[in-house]
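Keeping their order, the protein sequence lines are chains A and B.
Each residue of the first sequence is one higher than the one before, counting from 97 in the working numbering.
Each residue of the second sequence is one higher than the one before, counting from 45 in the working numbering.
Just to be clear, a hint being listed does not mean it is correct.
Claimed, not checked - Derived EDC-like pairs (lysine to aspartate or glutamate); straight-line CA-CA distance at most 16 angstroms:
#, chain 1, residue 1, chain 2, residue 2
1, A, 195, B, 116
2, A, 98, B, 84
3, B, 88, A, 99
4, B, 95, B, 116
5, A, 138, A, 179
6, B, 95, B, 112
7, A, 163, A, 111
8, B, 88, B, 101
9, A, 195, B, 100
10, B, 71, B, 100
11, B, 88, A, 101
12, A, 152, A, 162
13, A, 195, A, 103
14, A, 98, A, 179
15, B, 88, B, 100
16, A, 166, A, 111
17, B, 115, B, 130
18, A, 98, B, 85
19, B, 95, B, 62
20, B, 71, B, 141
21, A, 195, B, 96
Simulated from the structure, these hints should not be mistaken for lab results.
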Amino acid sequence: QKEVEQDPGPLSVPEGAIVSLNCTYSNSAFQYFMWYRQYSRKGPELLMYTYSSGNKEDGRFTAQVDKSSKYISLFIRDSQPSDSATYLCALISGGSNYKLTFGKGTLLTVNP
Amino acid sequence: NAGVMQNPRHLVRRRGQEARLRCSPMKGHSHVYWYRQLPEEGLKFMVYLQKENIIDESGMPKERFSAEFPKEGPSILRIQQVVRGDSAAYFCASSTDPFGVEYFGPGTRLTVL
């Protein structure tokens, strides 16, 4: 079983839709949870960072963590064509504060 | 405020040649991380360096790969005697401390012919 599972998609939605992106993980040692956005041929860009169960909101983005189920989500409200990118979940275990473990990424296309 | 810089952006090597990838961290950042993104795979941690020290190289292949972050100048990821399986995007990230957010560069795309 892989440490982090993420559906690679692709996911295609119309402009204005609510998008839900998810990752599951197997190692309960993961304590910190991030979402990165990666545009084609670019480096990953940090979107959200959280370390506790519950929701964290930033503009149109909401990150949700359920440690009991080992499940994390990223919701995008009022999606825009500029949101079209690959979204990567990244986790850090409590024993290694710097080593990011990434999901494979979900390719999202928002159609105008 | 320049971000993390990597060069070259694209590198083509023939099998058996050496590849040198360079990374200049963000200003004020002294912690550097290298990740590799193989086709159809997620980003994988390779190595964590501070100035003049390798802190964690647990993700580095045992042979042909080495990394350094000298007192002056950029961090270098060196791949000797490249093989086709080394073809990938190599990303560098930097942070202010090991607990800090990692900011990524644009990557170097290595193609081995």
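Going down the list of hints, with the structure as the test:
no.	hint	result
1	A:195 / B:116	violated, 25 angstroms
2	A:98 / B:84	holds, 15 angstroms
3	B:88 / A:99	holds, 12 angstroms
4	B:95 / B:116	holds, 8 angstroms
5	A:138 / A:179	holds, 14 angstroms
6	B:95 / B:112	holds, 8 angstroms
7	A:163 / A:111	violated, 31 angstroms
8	B:88 / B:101	holds, 12 angstroms
9	A:195 / B:100	holds, 9 angstroms
10	B:71 / B:100	violated, 22 angstroms
11	B:88 / A:101	holds, 14 angstroms
12	A:152 / A:162	holds, 12 angstroms
13	A:195 / A:103	violated, 22 angstroms
14	A:98 / A:179	violated, 27 angstroms
15	B:88 / B:100	holds, 13 angstroms
16	A:166 / A:111	violated, 30 angstroms
17	B:115 / B:130	violated, 28 angstroms
18	A:98 / B:85	holds, 12 angstroms
19	B:95 / B:62	violated, 23 angstroms
20	B:71 / B:141	holds, 13 angstroms
21	A:195 / B:96	violated, 19 angstroms
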